[in-house]
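A.B. asks: Once you've looked at the hints, go ahead and assemble the two chains, each given alone in its own frame, into the complex.
Residue numbers (this note's numbering), protein chains in the order written: chain X, 26 to 275; chain B, 9 to 490.
Derived from the structure by calculation, the hints contain no laboratory data. Because the structure is a prediction, the values reported are computed rather than measured. Using N, Cα and C, we set each Cβ at its ideal position, and we do this for glycine too. Hints may contain errors.
Unchecked claim - Interface residues of chain X toward chain B, partial, derived using beta-carbon atoms under 8 Å: (1) 75; (2) 101; (3) 107; (4) 109; (5) 115; (6) 116; (7) 122; (8) 123; (9) 127; (10) 131; (11) 183; (12) 206.
If you want the building blocks of each chain, they are given just below.
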Amino acid sequence: MLKIKNLHAGIGDTKILNGLDLEVNPGEVHAIMGPNGSGKSTLAQVIAGHASYVVSDGSVEFMGKDLLALEPEERAREGVFLGFQYPVEIPGVNNAYLLKAAVNAKRKHQGLEEIDAFEFLKMAREKMAILDMDPSFLKRGVNEGFSGGEKKRNEILQMAMLEPRLAILDETDSGLDIDALKAVSKGINALRDPERAIVLVTHYQRLLDYVEPDFVHVLSAGKIVRSGDKSLALKLEEKGYEWVREAATA
Amino acid sequence: MSTESTEIESLVNRRYEHGFVTDIETDSLPPGLDEGVIRAISARKKEPEFLLEWRLKAYRHWLTMREPNWAHVNYTPIDYQSISYFSAPKSDADRPKSLDEVDPKLLETYEKLGIPLHERARLAGVAVDAVFDSVSVATTFKDKLHEAGVIFCPFSEAVVNHPELIKKYLGSVVPTRDNFFAALNSAVFSDGSFVYIPKGVRCPMELSTYFRINAANTGQFERTLIIADEGSYVSYLEGCTAPMRDENQLHAAVVELVALKDAEIKYSTVQNWYPGDENGVGGIYNFVTKRGDCRGENSKISWTQVETGSAITWKYPSCILRGDNSVGEFYSVAVANNMQQADTGTKMIHIGKNTSSTIVSKGISAGRAQNAYRGLVKIMPQATGARNHTQCDSLLIGKECGAHTFPYMEVRNPTAKVEHEATTSKISENQLFYCRQRGISEEDAVNMIVNGFCKEVFKELPMEFAVEAQALLNVSLEGAVG
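Pulled out of the complex, with its shape left as it was, chain B reads as follows (with noise of 0.2 Å):
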């Protein structure tokens, strides 16, 4: 009992530690941008000057920038307008008290992918002590850290302890104008990640969002950014395998990574938003940048990503592999089922020297869903011995989906070595009745196919990751075939 109220008073005081998330509980903004709001937002998160300039900035770019409509998705257009820009976090009041009022349905795929019980709770939004657990273990978790020198924060709060970090790197690898959604982003980012690793630190434990307390409410437009100071190393596991509910339909985050001389940055996600239903109906819109920049010599990104959420996913994944001898990497399962959209790949830009990148996507259509792998190569002039290796594979399950692929390749130094391998796959009527005749229901034999269709992706992803994901697979496909 004693060890249960100290930690109901560490969860109170961790609460108010960070003034602002009180504030925020009791006000939202109403729907609209303007300059009015962009200040609104930056006053209430008590930012310095220097953030509040960056931010404009970007919103006034933002007015003259288009949306894209390049990406193989369909989808009415977005009234910018009707959206709430700030808006709270839903009071304790508004949730559900227990689990008996939370959709049975969303519970059997808790059951189904594994999680445990008191997880299930904190996941499905209940307003409930039942996070307890992770609180503690949280706890334990950042004084281990603390002691390793790295630092790893709500993205606010590294803005009031950290502004010289923020000043330097924020906006230095995905720029306020890069695109539509970024410089959107850029100008009304609620709050996100921070993460610094000193020089020579390898981070003792791999970084997940989970463990972050406030990560339940960062809002549709998360602001993540990791730099890996010279010789150091971290992993970073983003998402869950769980599905999350959402009442903001658009979400369009933006992520950065720095990696300096010799570090190493592994980025594993695994996204699982609402999909909307059989029709697509009150699915998320998933419009994210994330770009990595190997700025120092051999330093190595590595992507991974298993991508089942969502009703539309627009995210390419890159790296920029500035110093000499660095490494890019880009490892993707992205899976569309019934009426889902999906325009995913990677961009790799060589300019160092001998810099090397691997390229593997693993697409699977089902239903009448549309999965599209889009990546581009480029090799600059000055990239002498640089090497790529693209793997696209798509694997159909069912008449009605679509597989499509768009490789685009810039070589500009005559050295270079670029290689592109593409398969197309069904999983075919006499495969399922091979692995029935050998006892094995059909859906089984679905998921074996499936799952061996992505080894090579889950073997990047962390171990227990890699489990999750799987299990996660199959949900996502269930009833895909027959």
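Chain X on its own, in the form it takes in the complex (with noise of 0.2 Å):
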């Protein structure tokens, strides 16, 4: 599904990214970890199309089309979603309309009619229901004054109405306090599926308590310098990143 051969990237001047491979297949569930600047959020930001990063070398295939042709909301509308590590606050534009707008930008790419708000509001209601969310929320201006917690639970909504092909959660525990975190898990748990793909971006061990990754990688200096399965995460939690690092350098 997604094909990531020999990834250089970066900003302006400074390379993030230095060679990077990663294969994902559908069904799969892939965590990327490793230590602050290691290129994590960068390769989130690279696969879903942020301007402000320059590829200089590589590729980037996903479901056999060269995604770094394609402009984001292209990007998106074939299915990728990026659930964002800092989401942005839309004052004055409610939960509900930006919603609606997306699922429907999505609809017409694919040639499926647009649903109206009757049909929009019955799916949001299931989907916030797994997520412990009220329906209060669809009111609300996008993240605005939302709590970190329900900006990421936010994130898992959207996720969860676009139904991507692939999903990369940046960083979506962060900042969660252990409640948060079930729901945000369980959400996630949920969109498991044998036709998607979710790559989880993150720092800690904890979320893979509640969401199991098929593969884990560790990204050091923009490059996977060790892949396995999930017993990498723990050994990781144990010996810390310090670790990796000599491994990598040995």
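C.D. replies: The structure is reproduced here in structure tokens:
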């Protein structure tokens, strides 16, 4: 589904990714871990198409298409979803409005009929129940005055509504208390599907207690230095990132 | 077929009903302004002596005044002697014969705004019978108003049929000496609307200039007077969301509202005059004086405006809260794109006891435009218990535009409560990226963010107008990003 080859990217003259390779297949859950500054978020932003990041070499292929040639909205409509580390506030625009516009933009792209307000609300309420979200969420401005936990739940709600083929969740677990972490994990697990791939970008092992990954990759200095199954995450927790750095340079 | 011919007939009759309309089609005055010109205008309109005197008084005072220069706008000085103060409407021969002859760009905009086909022709000034639909609508409309006792007619018709009301109220809110442009308007005004709502009557429908047959050519010096008698209510809609073309660069209108005891006037404007090209060439100068007088107890005047057009907008719809417990409201969205300049706001003058006012101003700047809010809240010594809440928000799109806020407050009564909140924000790259990552195009994202920003004002507009205003905003900001 997703094939990343020899990816080099950065902001301005600062290189962050240095020849990254990664392959993700449908149905798989991958966790990408690594210390601060190793390039985890950059990878997520490059896949989503943020204009500040410049790709200098390598390729990203998604469902057989050259992802880097597409505009961010086209990537989204093709089924790439990014759960933001810092979801932005859009005052005055209510959540339901944004969500409905997003769902319909995708449906239009797929040649499906747009859904009306009634269908939309029904669908949204179902998804919100899974995430223990209050229906009043829909009426609030997008992330406006949301707590950290509410913002992250909102990202998961958007993901649930958009039903992407590939979901990249950038530090969705950061800043969550244990109840919120459980609710968010429940939301992610509900979306596990043989047709869908999920990439979790995280600092910590604790999310992986709730969402079990099939693969764990460790990123260091813009490259994947080690891959393994979920036991790798536990080993990391125990030994720290220093261990990986040493292993990488050895 | 027969109904169509009746309609043609009624249209023909209508044209002859108000004699001067046909008169003016054949002549216009050469450029220049002196007392002779004013006498000529008044004579052609068969005005009573008092009105001529009123015009002359205004003119004589205007001669002693100077054009104001305090607004945050720049333009080359206007040569008042080069303007023709009485020009005939374009004759049919000069107009496009069909939509095929109309600038395709204009038609494209109509399309985007969702304007029905038969209206497009009228708006583009096509000299064909495409207007029959609205004529027939207008006829039923007039009957209904007549039944309710509401007077809604061209200003010049009111001068002939209701001189006592004109004499009593004209200039009673905006005196001839009020300001440079108001004085000029008083001297040379061409036509406009007149509304009188009798005691205790709730006007059965929203009044719109759109339905007024002569609206097409009221010219550059429009005069509007609305009187809501005791306990009455009226909602008046001015303007049109479709871009209006006009050869006259200077527009200096005056609008006067009078609300007597327990009366309410709701005045909504959507202004979309030609703003000029990307460099601001050829746009309209819109210097307007709008003021409402809450003359009686418990009266209320509410201004709602969506300003997207004109090269320069200079406009401060105001309320004089004279009656005890009277209420004034001002809700505004002002958009300035490309080289547009807008200096707009309001004045709330609290005189009566327990008067209250609300100001919600939303300014949007894009391109290289400059957008200024200028507002005055004045609490007079006798206005015990007066309250004001002002909220003034600016939204910037891009790096080359500007937003300016000039709030003035004059509080001369210690019991007054006056609050002012102001914010300035930008549409950020991150907001746009966030929306695009959800599959929403950049343009739709900008529209969504802008409409969210303006929501508080749009909800004050009558439903249909609000939908149009939203579409209009989207078209006005097209290409503002990227």
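A.B. asks: Now tell me, hint by hint, if it's right for this structure.
C.D. replies: Going down the list of hints, with the structure as the test:
1. 75: holds, 6 Å
2. 101: This interface hint holds because 4 Å falls under the 8 Å limit.
3. 107: Holds: closest Cβ of chain B sits about 5 Å from residue 107 of chain X, inside 8 Å.
4. 109: Interface hint status for residue 109 of chain X: holds (7 Å vs cutoff 8 Å).
5. 115: holds, 6 Å
6. 116: holds, 6 Å
7. 122: holds, 7 Å
8. 123: holds, 7 Å
9. 127: This hint holds: residue 127 of chain X lies near chain B, its Cβ roughly 4 Å from the closest one there, short of 8 Å.
10. 131: Because about 5 Å separates residue 131 of chain X from the closest Cβ in chain B, which is inside the 8 Å limit, the hint holds.
11. 183: holds, 7 Å
12. 206: Violated, about 23 Å.
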